[in-house]
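Listed below, chain by chain, are the residues.
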Amino acid sequence: MIRINCPVCGLRNETEFTYGADANVQRPEMGEEDTQPWVDYVFNRENPRGWHREYWHHAQGCRQWLVLERNTLTHEIGSCQLARGVEA
Amino acid sequence: MKRLPTGGRIDRTAPLKVRFDSQDLPAFQGDTLSSAMLAGGVSLVGRSFKYHRPRGIYSAGVEEPGAIVHLRDGNRHEPNARATVTEAFDGLTATSQNAWPSLGFDIGAVNNWLSPFFSAGFYYKTFIGPFKHSTKFWMTCETFIRKAAGMGRATYLDDPDHYEKCNAFCDVLVIGGGVAGLSAALAAGRAGAQVMLVEQDVDLGGAVLSDPVSSDGDSWVASALSELEALNNVRILTRTTAFGAYDGDAYGLIERVSDHIKAPENHQVRQRYWLVHAKRAVMATGAIERPLVFGGNDLPGVMLAGATRTYLNRYAVLAAENVVVATNNDSAYQVATDLARAGAQVLLADMRPDPSEEVVKLAQQADVTVMPAHGVIQARGGKKVTYAMLVPVDVTGRAQGSPQKFEADLIAVSGGWTPVVHLWSQRYGKPVYQEDSACFVPDAQEGQTLQGAGTAAAAESLADVIAQGFARGAEAATAVGHPDSVGIIPDAFATGPFWQQGLHPAWAVLTPQGKTQGKAFVDFQHDVKISDIDQAHLEGYVSVEHLKRYTTLGMATDQGKLANVNALSRMAELRGKDIPEVGTTTFRPPFTPISVGAIVGHEHGRHFRPTRLSPIHHWHVENGAKMTEAGAWIRPWYYPQGTEDLTAAYIREATHVREHVGMVDVSTLGKIAVQGPDAAEFLNRIYVNGWKTLAVGRLRYGVMLREDGFVMDDGATARLGEHDYFMSTTTANAAKVLAFAEHLLQTAWKDLRVHVTTVTDQWAAIAVAGSKARALLTQVSDADLSRETLPNNHWTTARIGDVDIRIHRMSYSGELAYELYIPAGFGRHVWETLYAAGSEFDLRPYGTESMGALRIEKGHVAGPELEGRTTMKDLGLEGFASSKKPFVGSVLRKREVLEDPARPTLVGLEVEGDTGAKPGSLLFSLAGEAKGHGDGWVSSTTYSPALGKNIAMGLLKNGKDRKGEVIRIVNFVGDQTLKAKVVSHHFFDPEGERQNG
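Chains D and S supply the protein sequences, listed in that same order.
Take any residue in the first sequence, count from 1 to its spot, add 255: that is its number in the numbering used here.
Take any residue in the second sequence, count from 1 to its spot, add 102: that is its number in the numbering used here.
It should be emphasised that the hints constitute simulated quantities derived from the structure, not laboratory data.
Note that CB positions come from ideal geometry on N, CA and C, so glycine has one too.
Among the hints, a few may not be true.
Pairwise CB distance ranges, derived in the manner of DEER restraints [stated by the list, open to error]:
(1) D:M285 - S:Q864: 30 to 36 Å
(2) D:L337 - S:G678: 57 to 63 Å
(3) S:E980 - D:M285: 53 to 59 Å
(4) D:N279 - S:N177: 49 to 55 Å
(5) S:Q881 - D:L266: 56 to 62 Å
(6) S:E562 - D:L337: 49 to 55 Å
(7) D:L337 - S:T340: 42 to 48 Å
(8) D:E301 - S:G1076: 42 to 48 Å
(9) S:Q864 - D:L337: 23 to 29 Å
(10) D:L266 - S:Q1078: 52 to 58 Å
(11) S:S645 - D:C264: 41 to 47 Å
(12) D:E301 - S:E562: 57 to 63 Å
(13) D:E331 - S:R337: 26 to 32 Å
Covered by chain S, according to a simulated footprint, are these stretches of chain D (three or more residues, beta-carbon under 8 Å) [said to hold, decoys possible]:
(14) 256-265
(15) 291-302
(16) 306-320
Chain D on its own, in the form it takes in the complex (with noise of 0.2 Å):
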């Protein structure tokens, strides 16, 4: 079981924690009337073998969402931070 440090909460287990998004993609600003950009926005994700950056949401605790650093290859965390605190 993954255990997620929030920085609201503490060290928390995976259960009370809901995955979100790929946290590399980057959303378009409202204004973009392109189809491409949403197109990648939406749709097109690498898939690395390694670390990863990933939105995660406190959905059983603080309601915060998270940038979370995951290992895709051996499930290690990394660093946790605040979504709201992370430069896009």
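Let chain D serve as the given structure and place chain S on it in line with the hints.
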């Protein structure tokens, strides 16, 4: 087989009633079922999986492949229980499994003679080809095969016992309470770390428990234990198996709280599932002895050498008087010696040509006959061993002469030992092969939080076992911040030849041609023979993972604990490679079988998941409502009068709303407070329609899309104050909408000063609908609800009695309607107030079924239409989309494929006849074959009391252009075809005169 008059770790003052099939066994407290069987002379315990060959007791531990029984009766009946780890208790009943009509005379044993037919992969090969056109014959055969093959039979009765789950946290988890584990716990405990020591056995000591009572090992264990028990930071759990090692340093444990008694005591659980979070763990899980491969090596009476010693020293049972010990290493010499000293005639066949003088001398002193360079090539006997065929062998195990027949009722085998690396491997992957000890060991690396110690890590001597355990314990404690002194390492005690000492890696005794003399088994539980591996190899299955699946090797309840290495070495030999090149299969949890009940704990039946109740819930129940599940919610479905069924009730309720007034509990709607200076901007982005112009005191229906342009949800949002909005969502999507809003605000739209907070549980909600709704609410509240003061899509505060509420004027039913938002604690009070005041207006409650009928009549979309595959355009909602601003999904909704005019769009259907359509039915035009996916599907159906006919909503290709067309509704499941006319889905009062009145 006999019980010795003295010795053993059993309590002879506590005899127990233990029964196997029809035989009473002479058992004492401290016995296992298998030791009681041996003491009672039971040699035949079960029948094998495929060939129904006789199976006896093969081991004395968790690895047992043969002595598998049905345990207990009735609703506590348990299949596939290993007799070797089943503690004897008073009243124990066990029966043999996989045998019919009886264990002694088993008709299924005919399979043994048909065995060429049941070779590796037979299932895949036999039932293909000729049966192409019909599976009937296949199915007939399968019924019999399934009956003949297989293991125990499970009960259909509910499990009467309780199980519980708990979480625990510690610095150092020590798995295994043998010498290595005790040493590790001592070091970590002395250093001050929080230690959990878990042992699957009832007693601590591990291999020491197989030594004679009062040996040096006993006093070593006793002294370690008394020190550990005095340490407050050490917790010891026995009868507890660590079955899984998981990411995040989590370990799954099962504590068998009550399995050693007939039934759990009052209020006590049967088993407890521990999820332990341990910063570090020491795997001191020991090693399991390896079988030797020869013809008839599965006969009852062939047993692991170490097990015979365990039965002798721990349970005071001499398994036989005429023993042949077969070995390729030193450890069996101690077995032979102990058996001979207890009175058995022992002949020791050592495959090695030159065993050390030291061990030979040890054996000879106990009158054991030692035959170097000899092996057992075949065990002979009917239902148990009567002879051992001994043959001179070369170093590879090939016979060098003609076999000689020796009388024997027990063949004790030792093919060396296999470290128990399961937990390490579950966590870190494949173990590595260590050539000099001829076994797989953990590939210990820096940074691994689980480290092996003792024989599990191939320790070389008892002193090494203690040193490894002590070192791993101390390192673990230091790593978690307890670098205190660990004191002096405990001394080693005197012991016999050590486990892997002198091991010679030859595991099979074969004819000079490389064949076995009779059937020679690798996997005893799944009936996999050496010849099956040869066949798999011939057919090209060379990867161990393929070999495993093709032959089912290691796939029985023992998961190949005994079979693995022998099978790998055979495959290596066939391929002309080394064992490391061939590799090993992956180890997965659980280490030993566990009860599903323990994992489930209390989360079954009503407790399977949380249930959500409206604040008005109990009124519905008390007033006879039939309830239904809606996600996690329990909602009133209908309120039957007299003997009414669902149909009669919902038609009456819906009619009543249209003619008088009704009220429905809509507290389950999702409610989100959207607050902050940028709230309007936020709503403008998340909804497709515009929100900047919505004045305080008004509300508006809105549609939300997902990022990919499909419809996500709809609902009304009211502006309560300048920076304060009250959003409602559908019941089903409340959590999804909130999480989505939070995601956008915390990742992409950080600049927006907005908070979203769920207030679903803070507000009860009641919809009052019907032409008399205004009159009723005007009477019970102080609000002015006139058409001029409160038109549609406006809200006002109001008081009902002493309760401050909000009244939103909006309609879901198409009638004049209001939604009342009431602080949750007053929800029932207000409902009852309305109900009491409503009698003169003929107010009736209505449930979700009639609510659904009303909304279908009105043509409103709901869950069945907002199902994730529909766009605004499909649903006729695109008129809501603002063209003046971007919103979530505004670009992707315009993708070409989603703009395709041929996409199914929302239509109404007037269904002919008295039977309504079923949701999910497919739509076809009148002409042509009804085949494939059709032109669309039915989403929602109801009988419409207002129209007096069956109606439905559906999505139909080119739906807009097909109004008036008669089509077919085909329900392939119910084999029913109906005709229906395509109409507008706004069936009833399309101009909205009633709701705006």
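Hints, verified against the model:
Separated by about 31 Å at the C-beta atoms, M285 of chain D and Q864 of chain S satisfy the suggested range of 30 to 36 Å. Taking the beta carbon of each, L337 of chain D and G678 of chain S are about 59 Å apart, inside 57 to 63 Å as hinted. At about 20 Å, the CB distance of E980 of chain S to M285 of chain D disagrees with the hint of 53 to 59 Å. Between N279 of chain D and N177 of chain S the beta carbon distance is about 54 Å. The supplied range of 49 to 55 Å therefore holds.
Q881 of chain S and L266 of chain D have their C-beta atoms about 57 Å apart, which keeps the hinted 56 to 62 Å range intact. For the pair E562 of chain S and L337 of chain D, the supplied restraint of 49 to 55 Å holds, since their beta-carbon distance comes to about 52 Å. At about 44 Å, the beta-carbon gap between L337 of chain D and T340 of chain S stays in the expected band of 42 to 48 Å. Under the hint 42 to 48 Å, the C-beta atoms of E301 of chain D and G1076 of chain S, about 47 Å apart, fit the expected range.
At about 26 Å, the CB distance of Q864 of chain S to L337 of chain D agrees with the hint of 23 to 29 Å. About 57 Å separates the C-beta atoms of L266 of chain D and Q1078 of chain S, a value consistent with the hinted range of 52 to 58 Å. Separation of S645 of chain S from C264 of chain D is about 45 Å and conforms to the stated range, judged on CB atoms against 41 to 47 Å. For the pair E301 of chain D and E562 of chain S, the beta carbons lie near 48 Å from each other, so the given range of 57 to 63 Å is not met.
Checked against the given bound of 26 to 32 Å, the beta carbons of E331 of chain D and R337 of chain S, roughly 28 Å apart, stay inside it. Given as covered by chain S, the region 256-265 of chain D passes the check, having 3 residues with a CB less than 8 Å from a CB of that chain where 3 are the minimum. Coverage of a stretch by a chain is defined here by at least three residues with a beta carbon nearer than 8 Å to that chain's beta carbons; for the region 291-302 of chain D and chain S the count is 5, and the condition holds. Counting residues of the region 306-320 of chain D whose beta-carbon sits less than 8 Å from any beta-carbon of chain S gives 6, enough to reach three: the coverage restraint holds.
Checked against the numbered hints above, the structure violates hints 3 and 12; every other hint is satisfied.
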